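There are 2 protein chains.
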Amino acid sequence: MKFYMPVLVYQEENVIWNHREELRQYGKKALVVTGRHSSKVNGSQKDLEAALDDQGIKYVFFSEIEENPSMETAEKAAEYGKQEGVDFVIGMGGGSAMDASKAIALLIKNPEETKEVFYQNKPLLALPVIAIPTTAGTGSEVTPYAILTIHEKRTKKSISHRIFPKMALLDSKYLSYAGEKITKNTYADILGHLVESFLHAKSDSYNRMCSSYGMKLWSKLCQPVASMEMTKEDYARLSETGMIAGMAITHTGTSLPHGMSYALTYEYQIPHGKAVGIFLPFFLAIYEDQEAVNEVLSYLDFGSVEEVSEYMKSLLGKVEVSHEDRERFFHSFAADTARHKAYPYSIGEKQLREMYEDALSVR
Amino acid sequence: MKFYMPVLVYQEENVIWNHREELRQYGKKALVVTGRHSSKVNGSQKDLEAALDDQGIKYVFFSEIEENPSMETAEKAAEYGKQEGVDFVIGMGGGSAMDASKAIALLIKNPEETKEVFYQNKPLLALPVIAIPTTAGTGSEVTPYAILTIHEKRTKKSISHRIFPKMALLDSKYLSYAGEKITKNTYADILGHLVESFLHAKSDSYNRMCSSYGMKLWSKLCQPVASMEMTKEDYARLSETGMIAGMAITHTGTSLPHGMSYALTYEYQIPHGKAVGIFLPFFLAIYEDQEAVNEVLSYLDFGSVEEVSEYMKSLLGKVEVSHEDRERFFHSFAADTARHKAYPYSIGEKQLREMYEDALSVR
Chain A
30 MKFYMPVLVY QEENVIWNHR EELRQYGKKA LVVTGRHSSK VNGSQKDLEA ALDDQGIKYV
90 FFSEIEENPS METAEKAAEY GKQEGVDFVI GMGGGSAMDA SKAIALLIKN PEETKEVFYQ
150 NKPLLALPVI AIPTTAGTGS EVTPYAILTI HEKRTKKSIS HRIFPKMALL DSKYLSYAGE
210 KITKNTYADI LGHLVESFLH AKSDSYNRMC SSYGMKLWSK LCQPVASMEM TKEDYARLSE
270 TGMIAGMAIT HTGTSLPHGM SYALTYEYQI PHGKAVGIFL PFFLAIYEDQ EAVNEVLSYL
330 DFGSVEEVSE YMKSLLGKVE VSHEDRERFF HSFAADTARH KAYPYSIGEK QLREMYEDAL
390 SVR
Chain B
30 MKFYMPVLVY QEENVIWNHR EELRQYGKKA LVVTGRHSSK VNGSQKDLEA ALDDQGIKYV
90 FFSEIEENPS METAEKAAEY GKQEGVDFVI GMGGGSAMDA SKAIALLIKN PEETKEVFYQ
150 NKPLLALPVI AIPTTAGTGS EVTPYAILTI HEKRTKKSIS HRIFPKMALL DSKYLSYAGE
210 KITKNTYADI LGHLVESFLH AKSDSYNRMC SSYGMKLWSK LCQPVASMEM TKEDYARLSE
270 TGMIAGMAIT HTGTSLPHGM SYALTYEYQI PHGKAVGIFL PFFLAIYEDQ EAVNEVLSYL
330 DFGSVEEVSE YMKSLLGKVE VSHEDRERFF HSFAADTARH KAYPYSIGEK QLREMYEDAL
390 SVR
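For the record, the sequence lines run as chains A and B.
Under our numbering, the first residue of the first sequence is numbered 30, with each subsequent residue one higher.
Under our numbering, the first residue of the second sequence is numbered 30, with each subsequent residue one higher.
Keep in mind the hints are simulated off the structure, nothing from the lab.
Take the hints with a grain of salt, since some may be wrong.
If chains are identical, the list can't say which one is meant, so a pair holds when it fits in one copy or spans any two.
Within a straight-line C-alpha distance of at most 35 angstroms, the following computed DSBU-like cross-link-like pairs (lysine-lysine) qualify [stated by the list, open to error]:
| hint | residue 1 | residue 2 |
| --- | --- | --- |
| 1 | Lys31 | Lys75 |
| 2 | Lys75 | Lys231 |
| 3 | Lys58 | Lys379 |
| 4 | Lys87 | Lys69 |
| 5 | Lys31 | Lys87 |
| 6 | Lys144 | Lys249 |
| 7 | Lys370 | Lys202 |
| 8 | Lys111 | Lys182 |
| 9 | Lys31 | Lys69 |
Since the structure is predicted, the reported quantities are computational estimates derived from the model, not experimental observations.
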């Protein structure tokens, strides 16, 4: 068994301002990596600028990270960071910005490399990364993963390098700006992380500590998220749950629902959390060790897998694909045996096909 | 809220051998810090020598760490380490050896300092420390604490410097050599860490994740430890529980039972775990928030505080002191208000006196 979680995590109101002095140790100039809009709307950009200005830390922004960021975008940002001579990278936003910031920090630190290095097994260091999540869900602020879109393979995959942020700064006040769809989708993504880690081939007592605790936190948010009547405490709990789910998958990785989601996101632009969430109940249904599934249900405070299914349907709606695409997704994933290793038992084609048929409606 | 646990933890059979290559990154020569006997008896010394020899890492032993190690012993070991020009320190044994190794690593790294620096607030670095616990209990392998005996103050206290081991190597096969008394005392110490962290003034959701999970693991060992009919799996669980309890106190520190135990250990040579354990039930009894106490009892699977009290008595036996000493201990602790800060409410003298009277028999 292995436990390794070297990220210094702070969670509180005004966290950026409170810990601004600690940013100085990472250098004199930062590249701040964000998406196009949200950090301007939710106030995080203003808060970060105030903190960096106060500490005399210079910074430049790269604010062109798209949802499901591509290798090309990460390379472009790294070029900018190299030109600007930055010492560290701050990824601020959702999983896209934080994941991209890790890949960018790798390329800036190794200026002789190009984007191909993302998926090569080379022992390389990266610039220090600071992660500031403004949505809860990916847990990227505490994971070493950086999932990029590989256009030539028409899918998404984590880069080969494990890059932990040095510090994660969580302030749940930003979460309330995310809107209903993002909140619900990321809430489903969190459940994916918790459940897939708990039922993973690599699962042991250490990640189960995080997963089981996270599931109990998650269950307390079922009603507030469904009705979108969220208190300040609910948002803080959501932020924490997403982070703890990140700690869980750091020790195992994700499993079938994540693996199955990527093609759906790539080809049908289904948001990541939704694409994961629609497969989850069917993953619980086919999972061989139903005693473990019952343990999961008890932490989540659901009476049955059917209840999970009903809840996720009401939360996320359905996903419609063509009959041909559903067949294609199924065959493609059935052939991708590397992704099956996360599942601790052998998977029959019949079960896999059932998961696709149950989760995806034909339009 | 803050989470920080940078120690790389491995737990498995033959852990030293399995991870011997990773030791090389810490240097070419190690100071191995142990007690006088146990590492020779339980096989850990032989295992470590084989691993270091295999990797061509040179080493010298300092095997004079006493129970409740003194500042003087740590200074003496550091002198030896300086003479030998070691690059890193391996603390192997119980809490005494591991705690001492941190203080020693600090002094070797700062050769201009003397033992007085242990309790000075200076921002100093230490040599890398590797922790190999051969008893379960202190959790020192994952905490930044190093508790030394201060003879001139007739007590024990953690040094002012927070020194996390770089790596903790846990192999529960060594635990079975510890014998009944050590096993039972350290088992009580673990409960102290779990409960005192959960009910600490600094307690938040992060350390409660570790504490609540650890209490559930702890409860499964009640019968095996009481009867000393321990399986291999029980020893592995004991090892894990002690480590997770260490993660919990890393985030909060300990509370009244630990604070009250130190004088008893110093003046009556009561083993640390036993000295903590006899105060624990009475701590639960006086604790103001009895709802939180009930949550603790539910994790531990005890029906009442009385049940905890009965169990601890049968596990540890009683502690007899003179009437005068009991009064003296009470007055001394009542005046030590710095130690009261761990308690989230105000403590009345009456309650404190009751804890002493209930826990300590007059002989």
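We went through each hint and held it up to the structure:
no. : hint            : in the structure
1   : Lys31 x Lys75   : between (39 angstroms within a copy, 23 angstroms between copies)
2   : Lys75 x Lys231  : between (41 angstroms within a copy, 31 angstroms between copies)
3   : Lys58 x Lys379  : neither (54 angstroms within a copy, 57 angstroms between copies)
4   : Lys87 x Lys69   : within (19 angstroms within a copy, 56 angstroms between copies)
5   : Lys31 x Lys87   : between (38 angstroms within a copy, 27 angstroms between copies)
6   : Lys144 x Lys249 : neither (42 angstroms within a copy, 50 angstroms between copies)
7   : Lys370 x Lys202 : between (38 angstroms within a copy, 30 angstroms between copies)
8   : Lys111 x Lys182 : within (28 angstroms within a copy, 56 angstroms between copies)
9   : Lys31 x Lys69   : between (39 angstroms within a copy, 27 angstroms between copies)
In summary, the structure is inconsistent with hints 3, 6 from the numbered list given earlier, while agreeing with the others.
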